[in-house]
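Student: Chain residues, written in single-letter form:
There are 2 protein chains.
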Amino acid sequence: MTDTQRPTELTATPNNEGIDAAVAAARRVVEALLHTGDRSVVEMAQVANQLDAVAEHLEQHAPTREERLVDMWSGEGVTRHDPVTGPQNAIAPPLHLSGLEDGSIEGRVVLGMAYQGPPGCAHGGISALLLDHTLGVANHWAGDSGMTGTLTLRYHRPTPLFEELHITARQESVDGRKIRTTGEISAGGEVCVSADGIFINKHLPRPR
Amino acid sequence: MTDTQRPTELTATPNNEGIDAAVAAARRVVEALLHTGDRSVVEMAQVANQLDAVAEHLEQHAPTREERLVDMWSGEGVTRHDPVTGPQNAIAPPLHLSGLEDGSIEGRVVLGMAYQGPPGCAHGGISALLLDHTLGVANHWAGDSGMTGTLTLRYHRPTPLFEELHITARQESVDGRKIRTTGEISAGGEVCVSADGIFINKHLPRPR
Numbered sequence: 001m002t003d004t005q006r007p008t009e010l011t012a013t014p015n016n017e018g019i020d021a022a023v024a025a026a027r028r029v030v031e032a033l034l035h036t037g038d039r040s041v042v043e044m045a046q047v048a049n050q051l052d053a054v055a056e057h058l059e060q061h062a063p064t065r066e067e068r069l070v071d072m073w074s075g076e077g078v079t080r081h082d083p084v085t086g087p088q089n090a091i092a093p094p095l096h097l098s099g100l101e102d103g104s105i106e107g108r109v110v111l112g113m114a115y116q117g118p119p120g121c122a123h124g125g126i127s128a129l130l131l132d133h134t135l136g137v138a139n140h141w142a143g144d145s146g147m148t149g150t151l152t153l154r155y156h157r158p159t160p161l162f163e164e165l166h167i168t169a170r171q172e173s174v175d176g177r178k179i180r181t182t183g184e185i186s187a188g189g190e191v192c193v194s195a196d197g198i199f200i201n202k203h204l205p206r207p208r
Numbered sequence: 001m002t003d004t005q006r007p008t009e010l011t012a013t014p015n016n017e018g019i020d021a022a023v024a025a026a027r028r029v030v031e032a033l034l035h036t037g038d039r040s041v042v043e044m045a046q047v048a049n050q051l052d053a054v055a056e057h058l059e060q061h062a063p064t065r066e067e068r069l070v071d072m073w074s075g076e077g078v079t080r081h082d083p084v085t086g087p088q089n090a091i092a093p094p095l096h097l098s099g100l101e102d103g104s105i106e107g108r109v110v111l112g113m114a115y116q117g118p119p120g121c122a123h124g125g126i127s128a129l130l131l132d133h134t135l136g137v138a139n140h141w142a143g144d145s146g147m148t149g150t151l152t153l154r155y156h157r158p159t160p161l162f163e164e165l166h167i168t169a170r171q172e173s174v175d176g177r178k179i180r181t182t183g184e185i186s187a188g189g190e191v192c193v194s195a196d197g198i199f200i201n202k203h204l205p206r207p208r
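Those protein sequences? They're chains A and B, same order as listed.
For the first sequence, my numbering gives the first residue as 1, with consecutive numbering after it.
For the second sequence, my numbering gives the first residue as 1, with consecutive numbering after it.
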C-alpha cells in the first residue's frame with residue numbers, strides 16, 4: 001500500500017476501557033458459554049446468578065428505552081452500537097472496516113464458535129449480516145447511501161471459523177435513488193460468499 | 001388452528017436451568033450493556049472485571065475446541081448452539097420454530113436493541129440471518145435439506161424492534177439436488193422482508 005492509498009477508519013475503534021471493555025468481556029462470556037462442556041446444574045446456576053447480578057446493576061440506573069435511542073442516534077459519524085462493527089454491542093464480532101482511495105472498503109475478522117452454521121463454518125446468515133453491513137458502509141464511503149432494497153448472496157464455498165476472513169465491498173453505480181453495491185468474503189485468497197445489493201437512497205428519521 | 005394442524009417443535013426448547021439459564025442471563029447482560037447510558041469508567045471497569053471472572057471460570061475446565069466441536073455435533077436432532085435458535089448461544093434472540101401439517105413452518109420473536117440497524121428497526125442483515133436459518137429449518141421439516149447456494153432478500157418495509165415478528169417459510173420445490181425455499185418476516189400483518197433461496201442438497205461432514 002502506497003502513501004496515497006492509506007486506509008481511512010470507517011468503523012468505531014474500541015477504547016479498551018469503560019463500556020467497550022465491559023462489552024469485550026461480555027463477548028468472552030458468550031464464547032466461553034459455547035465452549036463449555038458438561039457442567040453441573042449447580043455450577044451453571046451460580047454463573048447465571050453472577051450474570052443476572054451484573055445485568056441487574058446495569059439496568060438499575062439505565063435511561064428509558066426512548067431516552068437511550070435518542071442518545072444513541074445523536075451526533076454524527078459512525079455508530080457504536082450496531083451488531084456488526086459496534087464496540088458497544090457484544091453480538092458484533094466486531095468487524096473493523098477501512099476505506100481505500102480507490103473507492104472500495106475492506107476489513108478483516110476472525111469468527112468464533114458463536115457464529116457457527118455447518119460444523120466448523122460460519123452460518124450463511126452471519127455471512128449475509130456481515131455483507132449487508134459492509135455494503136452499507138461502502139455506500140457511506142462512496143457518498144450516496146440508503147436502505148437495503150434487494151440483497152442477493154451467492155455461497156461459493158464454506159466460510160471457515162477460527163481463521164482470518166477478508167471482506168471487501170464497493171459501490172458500483174448510482175442511478176437516481178437506486179444504488180448498486182457489491183462485496184465478498186474470502187478466506188485464504190478464495191471467495192466464500194459474494195453479495196450484490198440494490199440500496200434505495202432514503203433514511204429513517206432519527207429518534208428525538 | 002385445528003387439531004390436525006397441531007404444530008411440531010422444530011427448535012431446541014430452553015430448559016431454564018443449567019447452561020440455558022446462564023445463556024439467558026448472558027443475553028440480558030448484552031442487552032443491558034446496550035441500554036446503559038453514561039457510566040463512569042471506574043464502574044464499567046468493575047463490570048468488565050466481573051464478566052472476565054465468569055469467562056475465566058468457564059474457560060478453566062473447558063474441553064479443547066476440537067473436543068467441543070465433536071461433542072456439539074454428536075447425536076441427532078436440533079442444534080442447541082446456532083446463532084438463531086440455540087438456547088446455548090447468547091447471540092440467538094432465540095427464535096423458536098414450529099412445523100405445521102401443511103408443510104410450512106413458523107415462529108414468533110421479539111428483537112431487542114442488540115439487533116438494531118436503522119433507528120428503532122432490525123438490521124437488514126439480522127433479517128437475512130433469521131430468514132436464512134428459517135428456510136434451512138423448513139427444508140429439514142420438508143425432508144430434503146442442504147446448504148445455502150443463493151439467497152435473495154427483498155426489503156419491503158422496515159422491520160420493527162420491540163414488537164412481535166411472525167416468520168414463516170416453506171419448501172417450494174426439489175429438482176435433483178436443487179431445493180427452492182421461500183419465507184418472510186411480517187409485523188402487524190404486513191410483510192417486512194421476503195426471502196427466496198436455492199439450497200444444494202449436500203452436508204459437511206461432522207467433526208469426529
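For the record, the hints were derived by calculation from the structure and aren't laboratory data.
Incorrect hints may have been included.
What the hints assert, rightly or not - Simulated coverage check for chain A against chain B, where a stretch passes if three residues somewhere in it have a Cβ under 8 Å from a Cβ of chain B:
#1 59 to 67
#2 94 to 101
#3 127 to 141
#4 145 to 156
What the hints assert, rightly or not - Quick list of the computed label-pair ranges, beta carbon to beta carbon:
#5 43/B to 162/A: 14 to 20 Å
#6 173/A to 63/B: 47 to 53 Å
#7 45/A to 43/B: 22 to 28 Å
#8 41/B to 173/A: 44 to 50 Å
#9 140/A to 101/B: 28 to 34 Å
#10 63/A to 152/B: 23 to 29 Å
Said to hold, decoys possible - Here are some, though not all, of the chain A residues that point toward chain B, as calculated from beta-carbon distances under 7 Å:
#11 41
#12 52
#13 173
Please read all numbers here as calculations on a predicted model, not as lab measurements.
Every residue, glycine too, gets a C-beta built ideally from N, C-alpha and C.
Student: Next, verify each hint and record whether it holds.
Tutor: Hint check results:
1. Remark: the region 59 to 67 of chain A is confirmed as covered by chain B, as 6 of its residues place a Cβ nearer than 8 Å to a Cβ of that chain, reaching the required three.
2. Against chain B, the region 94 to 101 of chain A contributes 0 residues with a C-beta closer than 8 Å to a partner C-beta. That does not satisfy the three-residue criterion, and the hint is violated.
3. Only residues whose beta carbon comes within less than 8 Å of a beta carbon in chain B count, and the region 127 to 141 of chain A has 7; three or more means the coverage holds.
4. Under a criterion of three residues with beta carbons nearer than 8 Å to beta carbons of chain B, the stated coverage of the region 145 to 156 of chain A is upheld, 9 such residues being counted.
5. A hinted range of 14 to 20 Å for the beta carbons of residue 43/B and residue 162/A is inconsistent with their spacing of about 34 Å.
6. Take residue 173/A and residue 63/B: their Cβ atoms lie about 50 Å apart, and the range 47 to 53 Å holds.
7. For the pair residue 45/A and residue 43/B, the beta carbons lie near 26 Å from each other, so the given range of 22 to 28 Å is met.
8. In this structure the supplied range 44 to 50 Å holds for residue 41/B paired with residue 173/A, their Cβ-Cβ distance being about 45 Å.
9. Distance hint check for residue 140/A and residue 101/B: the Cβ-Cβ separation is about 47 Å, which falls outside the suggested range of 28 to 34 Å.
10. The hinted window of 23 to 29 Å between residue 63/A and residue 152/B is violated, with their beta carbons roughly 39 Å apart.
11. Interface restraint check for residue 41/A: the shortest CB-CB distance to chain B comes to about 5 Å, inside 7 Å, so the restraint holds.
12. The restraint placing residue 52/A at the interface with chain B holds, with a minimum CB-CB distance near 5 Å, inside the 7 Å limit.
13. For residue 173/A, the shortest C-beta to C-beta distance to chain B is roughly 19 Å, which exceeds 7 Å, and the interface hint is violated.
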